Amino acid sequence: MTRQLQRPFLFLTTWLILAAGLCAADDQVKSSAHQEKDLLAVLRSDAPAGEKAITCKLLAIHGTSEAVADLAPLLSNPQLASWARIALEAIPGPEADEALRKATDSLDGLLLVGVINSIGVRRDAASVEALTKHLKNNDVESASAAAVALGRIGTDEAAQSLRQALQAGPVPVRSAVAEGCVLCAERRLAEGKSAEAAELYDEVRKAEVPKQRLLEATRGAILARGDEGLPLLLEQLRSEDAKFFQIALSTAREVQGGKVDQTLAEELARAQPERAALIVQAMADRPETVVLAAVLNAAEQGPKPVRLSAIDALRRVGDDSCLGSLLTIATDADAELAQAAKATLAEMPGDQVDSQIVDLLPQADGKIYPVLIGLIGQRRIEATDTLLKSLTHSNPAVRRAALAALGETVDLKGLPVLIAQVVTPKNSEDAAAAQQALKTAAVRMPDREACATALANAVQRTPSATTKASLLEILGAVGGTKALATVGAAAKTSNPELQDVSTRLLGEWMTADAAPVLLDLAKTAPGEKYQVRAMRGYIRIARQFVLPEQQRIEMCQQVLDAARPAEQKLVFDVLKRYPSVAMLKLAIRALQEPELKDDANAAVLTIAQSVASKGVDVREHLAQAGLEPVKVEIVKAEYGAGSTQKDVTAVLQKYAGNLPLIVLPSAGYNANFGDPLPDSVKQLKVQYRLNGKPGEATFAEDAAILLPAPK
Amino acid sequence: MSNKRTQIPRRKFLKTAVSAAGAAVTAPMFIPGSALGLNGAVPPSERIIVGGIGIGNRGTYDLGCFLEQKDVQFAAVCDIKQARRTAVKKMVDGKYGTDGCAIYRDFRELLDRNDIDAVLIATGPNWHATAAMTAAKAGKDMYCEKPVTKNIAQSLILAETMRRTGRVFQAGTQRRNLPHFAFACALARTGKLGKIKRVYAHPMGMQAMMSGWLPAEPEPDPEIVDWNMYLGPASWRPFNAKLLDGFNFEKGGGLVGGGVLEWGSHCVDLCQWAVDDCAPPVEYDPPKDGQLVARYENGTELIFRETGWIPLGSCPVRFEGEDGWVEAGDSGKLVLSSPALLAGRTVEEIGGYPATFHVRDFLDCVKTRSQPKGNADAACNAHIVCHAANIALHLGRQVKFDNQTHEFVGDDEANRLRSEALREPWRL
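Chains A and B, in that order, give the protein sequences.
Residue numbering for the first sequence follows this note's numbering, starting at 1 and increasing by one per position.
Residue numbering for the second sequence follows this note's numbering, starting at 712 and increasing by one per position.
What the hints contain is simulated information worked out from the structure, not anything from laboratory work.
A portion of the hints provided could be inaccurate.
[As the list claims (entries may be wrong)] Mimicking EDC-like on lysine to aspartate or glutamate, the simulated pairs with C-alpha atoms at most 20 Å apart in a straight line are: (1) A:K243 x B:D1075; (2) B:K903 x A:E347; (3) A:K102 x A:E129; (4) A:K523 x A:D500; (5) B:K903 x A:E382; (6) A:K243 x B:E757; (7) A:K211 x B:D823; (8) A:K243 x B:D782; (9) B:K903 x A:D411; (10) A:K243 x B:D826; (11) B:K1111 x B:D1123; (12) B:K781 x A:E274; (13) A:K37 x B:D1123.
Keep in mind it's a predicted model, so treat the numbers as computed, not measured.
Let's have the full structure, built from the sequences with the hints guiding it.
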């Protein structure tokens, strides 16, 4: 290793040792002192700049006043100045302050800006004089840095310098001077000197400074005055300048006490609609003191944009006192208003709201009745008895709304009510709504098995095959042990409708415990159609579900032993998806079946390549399959149709291994080669050599690229 | 570094607004376009004019979310890489069918434009806080990717600056606007789980990534890659292409950072929401047996742990109370100690995406001047937790944090890690 190359390595090692040393340090002071000595030795050496840079960073943790003398000279080094300031900003004590202060005498440009910024971070009050001098620096960046640093220092002397500069300083620096003034004002406000703060904010408001500084000062001037700042807030709410209106909106949310809520309420009544719509949102962001009556009034009447915003605001601050008005709006002829009211009613806080909705239902009529029923469902209010009465209503829309609400609200005890509506509907036109309601209720029952038991009992009791089928559909959505057993039993009945729905449901079952049920059906279901469907469902579980490896292997074995060739071929996808030596053995065994040979051969090669890539020696297995590793050379490969051919030789060469199967990284030829002729049927033509023997093959689009042995 | 935050009263509405929005699973609060007199259509004069700063991989995803919004006009992009500038311009102009997206190399020129209302900041984390505060002082609202800050001082100054400037700030903590995470946090926050005992966050690697000083390579033409602007507030070092990985460069300043900050800015943020966005924990233990335990003032533990999660996707969180628990992850799913906690809803009904909710939340707040879910105060607290945990991790000992002074108690070394000087001319 050359010295130049060794350096970064040594430096990194040093850093790691120092960092690790921290972890073991029992005596921090002693440890830091020791580490500081080592770090200073680096700074004093001819170490490269990079090493010194990170040393500065470590001195930020371990450095003391001892380190300042070594760090200070780096402040004039353009490469290392900010590294040195990392340490100097962090090292406590007057020595670091003094070093930074002294550097302001000699530096200029960016380096001076950096030092001034660090003085601001350290809030070195002794630097006010030096910084004040730099307020007049011809370099705008330096003068601006001084202004902000003075703001951070925030003493009376600093504030005085800034005030003078605000009036008489160079215009390009005024923005930073105003920033400094606002920082000073903030400090005074934090110290409880509100009047002084307000005075400073006002000076900025009157100065010729960028608008953003005026906005900041305006906000501060309002907050510093408390309730007495409300006229100023009002002035901004009425400002023709949108930015001042915006700062009023955000500041209104910050003002303490309840008077501002009254101010906002009054302004809401007189503001232009586009502003009132926003004022009402600010009101709603003060939920503890909001003048609710004003928000409600704005929701009830006035320009539509304001009404919509107020209705939305009630979603957060409304209570039961708003219920009547919102219900009226919810039946308004204006669909947008009605929808907004319904959305607010569905979410408006308060237990009282729930009980009042239930209380209102018996007396309600007309359009409000279905709204109330809908709200019972949306708010999940327990009101089964009331809803049951609605099931006998003459209006079908009301009955359906009641069923939907029951679906959202009944518990396990109430489930039989909905089962009864499905098994023995009083109105046939409500059947679909009842089934949907029962499904909605069933899938959210905390005790899934108890729910399934209730549904299974209903399947037993009802004579109607169609109703049984509907209940089985719901059982399929519920899932669980009881549901599985019930659907499995239904699949074995002699009723074709039940066989059909049950085998379909089992084929889509979402848990792996359906596998033995499906395997049994694959062997014993009445009729080949359902046996095939069951076997495919069984393979689906093997292919898609998270299973113990041994279970998946056994399932694949079962398919190869019991299925028809069409299904047996499907299992090769599973073998390839979960490649292992055991899966390889299964594929090799399948080679003995003439109808499976081609697919099994492809699977063997795919699995072997995958397993071999993980370091497993598969030569013995391949020999067993009559296959040996071969030297594969792709001579030429073209993909396309007719005269449009794309040369894909390089792609195939890239993925060719030591088996006559080439596995591409993406599914489909187009994804790997690009599409040379969209919307046309294409072919892949390959010229190759296997162990030096030339061969040629043509593959249909997306076929497995298994190179035949040359003759 | 200042030890005291300015005492302008913390905006109480923030807490309430967040609680109200998270109490039920709802779409983010919005005012219908018609409420603003727009009637669904958005005339150009009413659109929010947005500029992009540092639009790489994540930024391109965010940009897509912005471009979907009818009330957004994306007007300009700034990137220190020419390839990114031109790629984003092509994407934006392609969307609008115009040639109107302006390009900049220096984001200060973009901020100088008076017509731009808001910016999307998706630089690397080295720039996030500095760019955000520069944008705020220029009068722009901003959606800023995370991790937002590099240290505790930056976190505090970020919150102060957003307050002082009256700007709307949304951290890219989009999970605050994903319904299933919001539901889980609401369960914890509203007492449905009983008194909260432990909240868990996934740090995904408790290691800091050092972005040190690599051997110099020929510096590219600044028009192609502006190395000086790439370094920005990070201390100078020679150009080396390996350092151009902006996603990791100077994350947390290098000595501290890594997964605790990268993922903590999401999952710790959710834990903070679950405990009602209270002040950060006051004690942080060093890691032991793969866990780093922090304790809130009321004794609730915040536990960073690598393993033991129910497989619910990346960024998992778990909240445990005396009466129950809930766990959620990026799969959009929830697992609960009792289905009764779903209060009649199903997981599917509650769950999932899209992440555009978070962008929509931001844009709505730009109009209303309310505070979005990932506001600066929330981001400040969550990032302080991550930085303090990292400091305990780095020092290998317990550290105690005082939320009044924002200092570590009796630990000079820990206190010195609270801030770091910026390269000239940058300041916060």
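*So which hints don't hold here, by number, going up?*
none
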